[in-house]
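Can you build the whole structure from these sequences, using the hints too?
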Amino acid sequence: MTDDERILRIGSGQGFWGDDLDAPVRQVEGGPLDYLMMDYLAEVTMSIMQKQRGRDPEAGYARDFIPLMERIFPTIVEKGVRVITNAGGVNPDGCGEALVEAGRRAGVQGRARVGVVRGDDLMDRLDDLMAEGHELRHMETGEPLAKIRDRVESANAYIGATPIVKALEQGADVIVTGRSTDTALTYAPMIHEFGWDPEDHDRVAHGVVAGHINECGAQASGGNALADWWTIPSMETVGFPIVEARPDGSFTVTKHPGTGGRVDFRTVAEQILYEMGDPSEYITPDVVADFTSIRLEEEGPDRVRVHGIRGGPATDFLKVSIAYSDGWKATGTLVYAWPDAPAKARAAERILRARMDRLGLRFDEVRVELVGWGSTHGHLAGPPPADHPEVELRVAVRSQDRESVERFSRELAPLVLTGPPSVTGFAGGRPRVQQIMAYWPALLRKEAVQPNLTVDVREV
Amino acid sequence: MATIQLVDLAHARSGDKGDTANVGVLVYDPRDYDLLRETLTVERVKAHFGERVKGEVERFELPNLNALNFLLHGALGGGGTVSLMTDAQGKVFSTALLRMEVEVSDEVAERVRGRGRVPAGFDPSVPVPVREGSVPGSGA
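From first to last, the protein sequence lines are chains L and G. Going left to right, the first sequence walks through residues 1 to 460 as the working numbering numbers them. Going left to right, the second sequence walks through residues 1001 to 1140 as the working numbering numbers them.
What the hints contain is simulated information worked out from the structure, not anything from laboratory work. Where is the CB? At the ideal position from N, CA and C, for every residue including glycine. A portion of the hints provided could be inaccurate.
Said to hold, decoys possible - List time: in silico DSBU-like cross-link candidates among lysine-lysine, alpha-carbon distance up to 35 Å:
hint, chain 1, residue 1, chain 2, residue 2
1, L, Lys-51, G, Lys-1091
2, G, Lys-1046, L, Lys-147
3, G, Lys-1046, L, Lys-319
As the list claims (entries may be wrong) - Chain G is faced by these chain L residues, among others (derived, beta-carbon under 10 Å):
hint, residue
4, Asp-124
5, Met-235
6, Ala-269
7, Ser-375
See the structure below:
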C-alpha cells in the first residue's frame, strides 16, 4: 500500500456524557479501528463537573469513562486502538490517575501509556487575566466579565489539536483532555498520522468536518434522523459513525457491518447542519472551515464520501466557556384526565399562581406548558384536538431567591386535594430545586492560553 | 396550485447555541431546492414563528446539501440551563418549522404529498432488520 492509499479509521464512541455505554465496546470489537474518540462535554457540563469537584477534590471528570475503559482496555491494547477523549472535564489529572489504575486492574500494566493534556482551565487565572486587560466580554451582549465575576463557577478555553498531537507523538495510547473542542478529538490523529502541515487549511478543514460528524455519536448514523426514520434498521444495535480518513483529506463516513442504523446522504447532511451557525465560517482553534464547500456522495450501502472542503487561517482568539451561577429553578408536573382535561389544567394554573402571589413569592419567570397541547410547538400546534384524553400540566419557575423556589416545590402537590378533579401522576414527589448555571461565551487571545498547555505521558 | 405542509418537501434538524436555535432544512428531492429557497424567506420564517422568536432570523444557503440554515435568535427562553422551556435546547424547532403551509404546483404536490409522514399501516412494534449484504467497501 502506498502512502496515498493509506486509510485511518477513527470511530465515535460517545456523543455526550450519558450516551450509550455499549457503543464504544461495539466500536472496538465490531471491526477494524485505529482511533476511538469520545466526546463528553457540552456547554454546561464543565460547571456540573466543577461543582462535583468542589464537594470531592478527586471528582470533576466523567466518572463512567473509567469503568468503560477498564472494560475495553485489553481489547484496545491488543488491537492497537488509541483512544482520545475530553472526559477529563475540570480534572484531567484525576481522570488520568484513575485511568492508570483502571489499566492495572484490566491487566495491561506496562503495555499502554496514558496522556493527560492540561492548561485549558482558566479558573485560577481569571483575576490575573482580567488585571492584564483581558475583559472576556460576552460574545453576544458585549458586557465585560467583571459584571458577574463573583459568580463564576468554571472557565475553560476551547483548545485545539496541538497538545493532543504532542501526546500522540510521545506515544500515548489513551489521551485525556479537559475542554478540547469536540472536533479536535477526531482530526488530531489525522494531523499526527498523515503529517499534515497545520497551515494546510483545506486538509485540516476536512478533519474538522469529520470531527463535526463524529462528535454527536449516532446522530450521524441514523439516530434522531427525521428522513424516513421508520425505515432505519435496528436502532437497538446502532453502529456509531466511523470516519475512514485519507492523506489528501477526503474521507468516508461508515459504520461497522452488521450494526443497526444508517449512513447515507440524508443522515450525514442532517448532522452537518446540527448546531450550525454561519456555515461559511465554522471557527475552530486550528482553522476556519467552509461548510458550504462540503461535497457528499453515497459510494455504497452505509458509505458516504466527503471531500472538496475549503479552509482558511484560524483567528487569533480562542473561545472561552464560562459558567456562572444565576439563581434557582424547579419544574413540576401534574396530569389531568378526561373530561375537559385542558380546562382543569388551566384552572389549576390559575389557582397555583394566586396562591404563590398571596405567599409573596418572587420569581423572574413562571412558565406553564400543557404537555399534550403545544408544549413544544406552542401556537404553531393549532387548535386543541377534540376531547383530550389527558394533558400534563408542567410548571417551571426560576428566581434569584432560593426560598421562593423551595416554597414553589411544596405548593404543587397540595393541588391534588385542593384543586380541580381527575388529577394524578404525582408519583415523582416534590420538584427538585436546581441551581442555574448560565453560560458566558467569550474570546481570549491565544497567547494568553497556549504557553500554559502541557502534556504528560506515563506508563500504566 | 395546491397547499402542502413543508414536512412533505423537506426534512430538518435543529440545535442550540445559547439563546439561539438553529434549524437546518433539507429538501428530499434536489429538484425542489429552488422552490425551498424562494419559499422560505427570512420574513416568512419570522412570521411563521411569531412570538416564539423574540430576536432576528438569519438565513444561510448550503446549495451543496440542498439545504438552508436558519438562526432564530432569542428563541429559547434564555437558553441552556436558564430556560424553563420543555424544548430548552431547541431540538424540535425543526419540526415546528416543517408545519409551515406552502403553495406549490399541482405536479409537485402530487409528487410529495405524504412523503414526510409515517405510511399508513406502519407498525412501530415490528423491528426493522439490518439490511443483508451491507458490507463496507463493496460499493454495491
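Here's how the hints hold up against the structure:
A threshold of 35 Å between alpha carbons decides the hint, and for Lys-51 of chain L with Lys-1091 of chain G the separation of about 27 Å falls inside it, so the pair holds. With a CA separation close to 32 Å, the supplied pair Lys-1046 of chain G and Lys-147 of chain L stays within the 35 Å bound. At roughly 29 Å between alpha-carbon atoms, Lys-1046 of chain G and Lys-319 of chain L fall within 35 Å of each other, so this suggested pair holds. With a least beta-carbon distance of about 24 Å to chain G, the hint placing Asp-124 of chain L at the interface is violated under the 10 Å criterion.
Annotation: Met-235 of chain L was flagged as interfacial toward chain G, and the flag holds, the nearest CB pair being 8 Å apart, inside 10 Å. Taking 10 Å as the C-beta cut-off, the interface hint given for Ala-269 of chain L holds, the closest approach to chain G being about 5 Å. Interface restraint check: Ser-375 of chain L against chain G, minimum CB-CB distance 5 Å, threshold 10 Å, status holds.
In this structure, the one hint that does not hold is number 4.
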